[in-house]
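Asker: Dock chain V against chain E, hints included.
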Amino acid sequence: MQWDYFFDQVLSHRDALLQGTAVTIGVSLSAIVAGTLLGIAIGVAVTYGIKPLRWPARAYIDIIRGTPVLVLVLATFYISSAVGLDLGAFQAGVLALTLFCASHVGEILRGALQALPRGQIEAGRAIGLTFGGIFRHILFPQALRYALPTWITAAVEMVKASTLLSVIGVAELLLTTQQIISNNFLNMQFYLLAGLIYFLIDFAIEQVGRYVGRRLDRPARRTT
Amino acid sequence: MSYHFNFAPILAQWPLLLSGIGLGLLLALVSIAIGSLLGLVVAFATRAPSRWLAGLAFAWISTLRNLPILVIVLFLFFGMPQLGLSLDKINSFILALSLYTSAYMAEVFRAGLLSVPPGLIEAGQAIGLTRSRIQRDIVLPIMFRNALPAFGNNFVSLFKDTSLAATIAVPELTYYARKINSETFRVIEVWLVASLLYIVCCYAITLILRALEKRLVLEAN
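Read top to bottom, the protein sequences are chains E and V. In terms of the UniProt record's numbering, the first sequence opens at residue 1 and continues consecutively. In terms of the UniProt record's numbering, the second sequence opens at residue 1 and continues consecutively.
It is possible that part of the hints are untrue.
Stretch by stretch, here's where chain E covers chain V in the computed footprint (C-beta under 8 Å, at least three residues) [said to hold, decoys possible]:
#, segment
1, 72 to 79
2, 94 to 100
3, 174 to 180
4, 199 to 209
On the chain E side, residues computed to face chain V include the following (Cβ under 7 Å) [claimed, not checked]:
#, residue
5, Pro68
6, Val71
7, Tyr78
8, Ile79
9, Ala82
10, Asn187
11, Gly195
12, Phe199
FYI, nobody ran anything at the bench for these hints, they're computed from the structure. Beta carbons: idealized from backbone N, C-alpha and C, even for Gly.
Okay, chain E solo, but in the shape it has when bound (with noise of 0.2 Å):
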């Protein structure tokens, strides 16, 4: 009787909880983009810059990745507002999920550039190529090849981590499941719907990221 209820219900707010799974795609989807873009820079400035660009970027990632993405949240959002820069709640929730995410690709950049073998450098400036070209055309295809399991992984913990943003009221998956639930108090059900949903979006990033890695590693396991 009460999964009747829940079921009239789910079927009743349904446009709240696709526009809560959309915000929810969307918010991970621009901390992603933005976050990878802003990390891969972070990266390269961490393995191959000068001393002043090495250690800010060092420093940025150790900072963010020690402090957790809840305070992250919570400090972008209520700092932004006193030092007057007036973002609202959900591009303050954008931004702290981007520099999260820029912290750790940055990392797994590093990682990977410098699992590479450093005479491969050596040979593109040998042949007479910039950083710039030995770059994107010898090191980033191949450090790609390396970080993508692991950026995969990062891309999951960002719509794990969107859901931080409902507690500044971004109305994400999350708080429109709790507005939901502040109706009709169907606690369990919904909280166990918002997380299948997730575990969906969640999954489908792995499987997709499973099936990339494989098509990646079949030719470099072919030649070697």
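Answerer: Chain V only, in chain E's frame:
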């Protein structure tokens, strides 16, 4: 944009912040202990001869790893009473964190198990050790040593996740930071201090675990 820093109102609350970080560390320690035990069982279950049991273990890992920890926390605290399981907020949070981390620890231990050279197990069989002694005296020690670096990373992540206890009003560091934030409006200072405390703790944990790793490797040589 002229912001005048004033740390005095935050430093006046120092004992609260310290008790908050203490509770966070305690939550992390209890959860990693329960989560590791559970994770160890799940890791062995993934290699069980019964395909049904192995499948269950893999499903456990995949489900918990793909759920946001905040959803698990809220589900256990607000949802489980409907099924007749009412835990207070601290126990409910510890349960959530333990379940969540058990999936990650299971992965760590599984990788550790896979890295035990088969030759060592065969050597154990050759000198006539029983199956349980091979597991206890050969497999487990090597597995633990291989698992230690990943264990350390997980513990640091877990410690950072204790900040989520603030959402169900467990008085740890983030909870107090929010409280001081809304009471004093020293916004920048309070979040600076809070993140600094987290960073220092994470760094200290990393250093301790690294020292432990070094000692274990030395003993092995």
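Asker: Are there hints from earlier that the structure breaks, and if so, what are their numbers?
Answerer: 2
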